[in-house]
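Chains as they are written, first to last, in the working numbering: chain C, 1 to 229; chain X, 1001 to 1189.
You may find that some hints are simply not true.
[Unchecked claim] PhoX-like, lysine-lysine: derived pairs with alpha carbons at most 25 Å apart:
(1) K1177(X) / K11(C)
(2) K1184(X) / K11(C)
(3) K1118(X) / K1184(X)
(4) K1030(X) / K11(C)
(5) K1177(X) / K1030(X)
(6) K1058(X) / K11(C)
(7) K1177(X) / K1118(X)
Because the hints were derived from the structure by calculation, they are not lab data.
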Amino acid sequence: MARRRKSLAPKGRDDDVRIIAGFALGSILTAIMILVVVIAPPATIGPSEGELAPDFSTDAYSGANWENFRLSDSFDYEWNADEQGEWILIQFIDTDCPYCWTEGETMSSLHLQWSNDVEFITVAVELSISGHDSDRAEIEAFRDKTNYGTDDSDGNGCNSGRDNCINRPGTEHNWVYVEATSGIMSDWEITGTPFLAILQPDGYVAWNQYENMGESIEDAMERLVGGSQ
Amino acid sequence: MNEALTDPILLSFIASLGISGYYMTRDNFKTTSLLISSLLFAGIGIVSSSYTYIIHNKMVVQGTTSFCSSEGIVQCGSVIGDPTWNNLFGVPWGIFGIISFALLIYLSLSLYLDRHAKWAENYLQYSWWAGLVGLPFVALLVIIELTQVEGAPHICPFCTVAHISLIGYVLTIYYLKNNQMNGKWVDSE
Chain C
1 MARRRKSLAP KGRDDDVRII AGFALGSILT AIMILVVVIA PPATIGPSEG ELAPDFSTDA
61 YSGANWENFR LSDSFDYEWN ADEQGEWILI QFIDTDCPYC WTEGETMSSL HLQWSNDVEF
121 ITVAVELSIS GHDSDRAEIE AFRDKTNYGT DDSDGNGCNS GRDNCINRPG TEHNWVYVEA
181 TSGIMSDWEI TGTPFLAILQ PDGYVAWNQY ENMGESIEDA MERLVGGSQ
Chain X
1001 MNEALTDPIL LSFIASLGIS GYYMTRDNFK TTSLLISSLL FAGIGIVSSS YTYIIHNKMV
1061 VQGTTSFCSS EGIVQCGSVI GDPTWNNLFG VPWGIFGIIS FALLIYLSLS LYLDRHAKWA
1121 ENYLQYSWWA GLVGLPFVAL LVIIELTQVE GAPHICPFCT VAHISLIGYV LTIYYLKNNQ
1181 MNGKWVDSE
């Protein structure tokens, strides 16, 4: 009868060390997470009230030319609630959206009242709707109220191509117009326009239009920022 | 000299990378040394990724950080602080690094604890492929640093430590695979 020979190949351990490795890794990850939360807890970023406004860096038009604009450059990170500071009114529009067309006048009047205490920023998005194609020339014309398109509802111009941009309600908007990217729209959860939000000087969202359907922007500005000029 | 390059934490990371490299070549690429080296590389990777995540959080909430320079070519501020490029689908790159290196640590630690287990050969393959999958992301991040971020080119030193850790890890796994194929999986005295 042949005798069974002892194998010369090294044999693994009887216990499954993968469980030990898993526990060790779990401990390492737990320690890392505790360390991160203690040293630099992550901020909740989003467009909802109480969240830190999503930052963006993209091209913007300020009346002369297109330059890089970064939202967080406007934040005063050391601002305290009992201090004066420059608040931020951010508006999302589509130059072809009829409601944005009429809101042009509201924005002009808000700027007239609060421009000393509030920085105005308009973000021009392009909604995926037929006839809502826009380019930089249209954004410039919408902001500056200059000649662009016709009033013949021929698809050429602002307000879904119904109007020449020079006829936009309100005055020239003397603040920065930002060209939106798909990333900005996604971060700000923009599904329709116009959309308004008021940011505290430190960049946290103080008022979100969708969360305050019963309160007008004028009332919100009055409540949050204070008396108008 | 660039301020960022004299940061004691960065110097500690560089020294750790040197130690990991030393372990890789020690004893003529013995399996045990290589396994220790892979663990060290993955460990440095997870710590440096965590550090970049901490810098990211500081940058987002405070707009600046004392943890890394924001001036010069070698700096973190313009790289980790860039809102367009400091994340992938909204998830900071540091989180991706932590998760990826955690997987590599698990694989290497399992191998280190029992290199003769039935699953060891598979785990070596998993380590190899997991490391390789990370390399295109390293290339992408280096391209972003050099061409895309505000004021490019920039080099984020702590990100580079994580990148080198991954490259070092892949190298150690390559030598481990060689050992396995050449019958040197069991260390000879």
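Would you pick out the hints that fail for this structure and give their numbers low to high? Hint 6 is the one this structure does not satisfy, whereas the remaining hints hold.
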